[in-house]
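Q: Here is how the chains run, residue by residue.
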Amino acid sequence: MHALPAAPAPAPQRQMLVGTSLAVMAMVMLTGSMLAVWALQRREAIDSTGTWVPDGTTIPEVPTNVILMAFVGICVFGQWAVWSAKRNDRPHTVLALGCTGLVALLVINAQAFVYHRMSLGIGDGTYAAMFYAITGMFMVLMIAGLLFTVVAAFRYIGGRSGDQEILVSHAIYWYAMSAIFAAIWFLVYVTK
Amino acid sequence: MTTIESSPGAVASSDGDADTNSALGAVAGAFTSTDHKVTGRLYLAGGLLGLVATVAINVLIAVERLDGADVVLDTEVLPQLIDAQHVGLVFATLLPLVMAACVYAVPLQLGSRSIAFPRLASSGFWMWFGGLILTSIALIGNGGTLGGDADAVDLFIAGIGLMAIGITATSGAVATTLLTTRAPGMTMRRIPPFSWSALVFSLGVIIVMPVLLGTLAYLFLDHRNARTGFGGNEGIFVWVGWIVTQPVTFLFAIPAIGMLAELAPVVFGRRTPARGVLFGGLALIGMAALAGVTQQNIQNLPWSGSQLNVDDLETKVRDLVPFLLFNALPVLGMLLVLMVVLQTARPGEGSHFKFSPAILFAFFGFAMVLVGMLGNLLHAADDLDLQGTVFEEATLIYVVYGGVLAAMGATIHWAPKLWGATLDTGKVLPLALLGLTGTILAAFPMYIAGFLDQPAGVSYLDDDLVIWNVIALVGHAFMAVTVLGFIGLVLLSSRHDDAIGDDPWDAQTLEWATTSPAPRDNFVDVPVVHSAEPLLDLKTAATSNAASNDGSNA
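Chains as they are written, first to last, in my numbering: chain P, 136 to 327; chain E, 138 to 691.
Read the hints as simulated data drawn from the structure, not as lab findings. Be aware that a few hints might be false.
To be verified - Computed footprint of chain P on chain E; a stretch qualifies when at least three of its residues, placed anywhere within it, have a C-beta under 8 Å from a C-beta of chain P:
(1) 300 to 313
(2) 316 to 324
(3) 350 to 360
To be verified - DEER-style ranges, computed between Cβ atoms:
(4) F289/P / H667/E: 37 to 47 Å
(5) T186/P / D449/E: 36 to 46 Å
(6) L161/E / G293/P: 29 to 39 Å
(7) R632/E / D224/P: 38 to 48 Å
(8) R149/P / P439/E: 46 to 56 Å
(9) P321/E / I278/P: 38 to 48 Å
(10) D286/E / I292/P: 46 to 56 Å
(11) R149/P / H667/E: 17 to 27 Å
(12) T452/E / L237/P: 52 to 62 Å
(13) F168/E / D224/P: 40 to 50 Å
(14) H667/E / W218/P: 37 to 47 Å
(15) V454/E / G256/P: 47 to 57 Å
(16) A314/P / G413/E: 28 to 38 Å
Backbone N, C-alpha and C define an ideal beta-carbon position, used for all residues, glycine too.
This is chain P alone, in the form it adopts within the complex:
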């Protein structure tokens, strides 16, 4: 009786983009809060005992710096995928996504190498527990990003080449991850 005029069913407006942005917001809050607690505990430890990093623990700076530089590559490859997709350049899009995934895999490998070189037991005090908590969280986010890359690639290869929104969202995710790692790198690996 009170029938409203019908409209064509609207396509969701940038659902993936908004969803990814919200996820990025949550990731930033997660990492930000962990770094804040890290800084607080670090200051208290230095004030009380004069040390924060356990004696005998060496942080390998080369692989951590390489990870930071690798993120430049990830961002470039992610944006390359967007650029190529907008020009319907299917081979380059797939290549860019493959490169993104490969470098992400290398970052995970490099982080595992850092763990190996540090030889820090998770029960070796507050620093160790917090170090593994924050870098472990970073690894979880990296694996999530890698899965995102795989899903985006399969969707594109599967023929949904018109859906460029997922590629833009994918690029945003990796930009955010770069910023997150830069913060972790500065506080955990440089400031120590």
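Since the structure of chain P is provided, determine the placement of chain E on it from the hints.
A: For chain E alone, coordinates are given in the frame of chain P:
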């Protein structure tokens, strides 16, 4: 009176669901459904289950407090009871109940065919539910913040973390729905008040819960391995206690506040005036998220009896500004919402009063949350010496029980869309009064006991405090009766098959433009919206047309 018919596909889908009428089929359907109404109902059922358990725990604690010098229950279970009360009130009761309303109502209000990321919303529920079970097992197994079993303490931390992830996931789906799947013409200023409150709530949750999760990750690894940096299990409440204390809980009560703003125009038959003020008010309550982001248990207001001494103005301003930001802005927001509601209720041209039992619940819920907020203002003042007393627990109970009353109002209001029936008004009204009385009796005596220095926990030495604890026990018992009665009415109404019409409340928003109960895909044709009250526009136009036709015929 059907306004928008179900699509053949939607009807077929509903029939398909009906085929799986066996218990196994129903369980499988609930596990796998991506229909937001099913997810909302699951949250509602989980929240009501948590509410029953939490009220029972509150009754047990109140019984224990009848004699402050003696112990009725086993002393070893008391820490777990206190933990269960805090976690239960926020994570097992308030959050799932308000989330239920957001999940089942928001897509319908927006004219959307489904929630965004429906699998995310559904998996969010199951993560929350799994976390609740893990937390319960941990508390039963001597876990919690003062637990004696290390593994159970770890499980307690993991359980809360899982609940936080689940609630955040569903919030992400709700927020994305609000930002992306509105009907054509529905600008942000035109979304219904409840949906706006759901947006503020869900964005706040997305900001606050990851902060909790990060700290829990530290606590878990430290407790499991080193136990040096965070104070062991006793440090858990120190580090993450802010999530179950005020003002963060105000954030979780925002949809309950939005419920009153949603119902006022329906009951008083008017368009919502000053929508900008209303939306601003709801957003101001969202400032409570600041306390979560900064991980503040309490924002103290040291005054040291020098109210008239303005020599140290800088210190006073430094104390006052964060206090006002964290605690007073939400109160200001509540007052703005109340102002708009009162303006809506003002008799005027075209307004007509049509009573709905839901508004009674929503109004009582709003009032209780406001009293909790005002109590929190006092709690922060150092000079009153209320910190460390039962006063803080009373503010939490005001906020949570208030939120529960409003969530009950939401269930009553949207029951026609959820299961195609209304709750019996004659039986619901006494429950509203009983719930209000129960909340006041359960919480207000604890305000008084707080001023009389009854410490937090269950023991005290002053015999003069006994009377206040007896009254609080009566209040919790009233609340238990209210909750059980409400669940009984919901179960009864869901079995009824009366034809109630698509728009039984003569409402204004889009959810009432589809059938009752709403079909799987909500709307066959997505409606075009030209104002904030699209259904009212059509009714007004229909009335005008009828009048002009009568005139021309005459």
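Q: Compare the structure with each hint and give your call.
A: Tested hints:
Counting residues of the region 300 to 313 of chain E whose C-beta lies closer than 8 Å to any C-beta of chain P gives 4; at least three are required, and the coverage claim holds. Only residues whose beta carbon comes within less than 8 Å of a beta carbon in chain P count, and the region 316 to 324 of chain E has 5; three or more means the coverage holds. For the region 350 to 360 of chain E, the stated coverage by chain P is satisfied: 8 residues place a CB nearer than 8 Å to a CB of that chain, which reaches the threshold of 3. Remark: the range hint 37 to 47 Å for F289/P to H667/E is upheld by a beta-carbon distance near 42 Å.
For the hinted restraint 36 to 46 Å between T186/P and D449/E, the CB-CB distance of approximately 38 Å keeps it satisfied. The given range of 29 to 39 Å is respected by L161/E and G293/P, whose C-beta atoms sit roughly 34 Å from each other. Checked against the hint of 38 to 48 Å, the pair R632/E and D224/P fails, with Cβ atoms roughly 60 Å apart. Checked against the hint of 46 to 56 Å, the C-beta distance between R149/P and P439/E comes to roughly 48 Å, which is consistent with it.
As the Cβ distance of P321/E to I278/P is approximately 39 Å, the hint placing it in 38 to 48 Å holds. One distance hint, 46 to 56 Å for the beta-carbon pair D286/E and I292/P, holds here, with the actual separation near 50 Å. The hinted range of 17 to 27 Å is satisfied by R149/P and H667/E, whose Cβ atoms lie roughly 24 Å apart. With their beta carbons about 57 Å apart, T452/E and L237/P fall inside the hinted range of 52 to 62 Å.
Our hint of 40 to 50 Å for F168/E and D224/P holds, since their Cβ atoms are close to 42 Å apart. In this structure the hint that H667/E and W218/P lie 37 to 47 Å apart at CB holds, the actual value being about 40 Å. Taking the beta carbon of each, V454/E and G256/P are about 48 Å apart, inside 47 to 57 Å as hinted. For A314/P and G413/E, the Cβ-Cβ distance of about 34 Å falls inside the hinted range of 28 to 38 Å, so the restraint holds.
Checked against the numbered hints listed earlier, the structure breaks hint 7 alone; every other hint is satisfied.
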